[in-house]
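From just these sequences and the hints, can you work out the full model?
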Amino acid sequence: MPSIIVFPGQGSQFIGMGKKLLEIPKVNRMFEIASNILKFDLLSVCLNGPKAELDKTDKCQAAVFVTSLGAVEYLKQTNPEAIKDCYATCGFSIGEYASLVLCGAVSFEDALQLIKIRSSAMQEASQAVPSGLMSVFLSRDSRLNTGMLAARKWCKEKLKLDEPIECEIANYLFSQCKVIGGNNEALDFIELNHKEFGINRVKRLAVSGAFHTSLMKSAEDKLKKEIDNISIKPPLIKFYSNYDASLCMSPKKIKLNLIKQVANPVKWEQILNNLYYDENLPLDDNSQESKNIELDRLGNEIISNKKAQSKNRIYPDIFECGPANQTGPILKSINYKAFKFYKHISV
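The numbering used here numbers the first residue of the sequence shown as 78 and each following residue consecutively.
Everything labelled a hint here was simulated from the structure, so no lab data went into it. A virtual CB, placed ideally from N, CA and C, is assigned to each residue, including glycine. Check each hint, because a few of them may be wrong.
Derived DSS-like pairs (lysine-lysine); straight-line CA-CA distance at most 27 Å [stated by the list, open to error]:
#: 1; residue 1: K310; residue 2: K103
#: 2; residue 1: K329; residue 2: K315
#: 3; residue 1: K280; residue 2: K233
#: 4; residue 1: K235; residue 2: K272
Label pairs and their in silico Cβ distance ranges [as the list claims (entries may be wrong)]:
#: 5; residue 1: I92; residue 2: G275; range: 34 to 42 Å
#: 6; residue 1: N105; residue 2: K337; range: 29 to 37 Å
#: 7; residue 1: S410; residue 2: R281; range: 16 to 24 Å
#: 8; residue 1: S291; residue 2: K329; range: 23 to 31 Å
#: 9; residue 1: Q204; residue 2: F117; range: 12 to 20 Å
#: 10; residue 1: E234; residue 2: K294; range: 16 to 24 Å
#: 11; residue 1: K272; residue 2: E100; range: 49 to 57 Å
#: 12; residue 1: I92; residue 2: K420; range: 19 to 27 Å
#: 13; residue 1: N125; residue 2: S410; range: 29 to 37 Å
#: 14; residue 1: N113; residue 2: N270; range: 43 to 51 Å
#: 15; residue 1: D162; residue 2: S410; range: 20 to 28 Å
#: 16; residue 1: K161; residue 2: L269; range: 49 to 57 Å
As structure tokens, this is what we get:
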């Protein structure tokens, strides 16, 4: 049975994460390596917090990364076929780094070096401009772009903020839900006036900055200066990129997309759709479309629409390895049939 492995992002952390995995010797070694590279006791922060410390960007990103790969080690022991049959991988934001280790493109140690730089730079960018993220739940009549434009205008003309002003989409989750990021004042405006723009409801997220927006440009620049020191190899399985939601098999493109990912939206909805439009997935032999494609070899009509064919391919098992089941609810909204094959491997 073909399988897909995905990884969660920042926000999935919790005190006690990793405890379930400590009986696996390799996971203990991973924590030791991480602590040596990061220059702090990562395992202690994961197990004991305090929460305020674990939630810091420079701690949280490494914690999610290491425990997510620890969950892969757990999956290797409990369901080795899932690893053997894995043909594609992706990860949400910081989860993309775990995905790159899984597919053999980046070593565990090199990924940690990049995460150390990335998380510190993102923390600094967050401190430079008070900012955050907010989930917005939409309807067909929502005017999100108009609302974000109004928020930027309010900050510039009414509040006369003397700092970069942004309010833009940071994450595409599913059609009725996006995450927007920007100055705290811009998010305050949306929170107070969301009904005016046809937005059903909003929810502020417990993060320290407007990740994956233009306010992270300084962090992007810092990562760009360091990334050439890291060796990136062609992935051994299919790897899908956050930046453009596309299949990304070139080391040069992976490097470029990792840089751009920091200050551009995560296209998670698009990635999850693309995973299931893979022409190499086997067709369900019992589907009418599958029969038509077989008949076409005898001269009958072929079904050429990729989306129509994708609905009749065998759905792979999809495993989310990491602290939280972030992808499960999103996949359920995007593709309920695919969601039936979803499993969360916790930490």
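For each hint, the structure was consulted:
1. K310 / K103: Since the Cα atoms of K310 and K103 sit roughly 23 Å apart, the hinted pair holds (cutoff 27 Å).
2. K329 / K315: Holds, because 15 Å separates the two Cα atoms, which is no more than 27 Å.
3. K280 / K233: Satisfied, since the Cα-Cα distance of roughly 24 Å is no more than 27 Å.
4. K235 / K272: Holds: K235 and K272 sit about 20 Å apart, inside 27 Å.
5. I92 / G275: 34 to 42 Å: 38 Å, holds
6. N105 / K337: 29 to 37 Å: 35 Å, holds
7. S410 / R281: 16 to 24 Å: 21 Å, holds
8. S291 / K329: 23 to 31 Å: About 24 Å separates the Cβ atoms of S291 and K329, which means 23 to 31 Å holds.
9. Q204 / F117: 12 to 20 Å: The hint (12 to 20 Å, Cβ to Cβ) holds, given that Q204 and F117 are roughly 19 Å apart.
10. E234 / K294: 16 to 24 Å: 23 Å, holds
11. K272 / E100: 49 to 57 Å: 51 Å, holds
12. I92 / K420: 19 to 27 Å: Since I92 and K420 have Cβ atoms about 24 Å apart, the given range 19 to 27 Å holds.
13. N125 / S410: 29 to 37 Å: Taking Cβ atoms as reference, N125 and S410 lie about 35 Å apart, which means the hint holds.
14. N113 / N270: 43 to 51 Å: 49 Å, holds
15. D162 / S410: 20 to 28 Å: 26 Å, holds
16. K161 / L269: 49 to 57 Å: Between K161 and L269, where Cβ atoms are some 52 Å apart, the hint holds.
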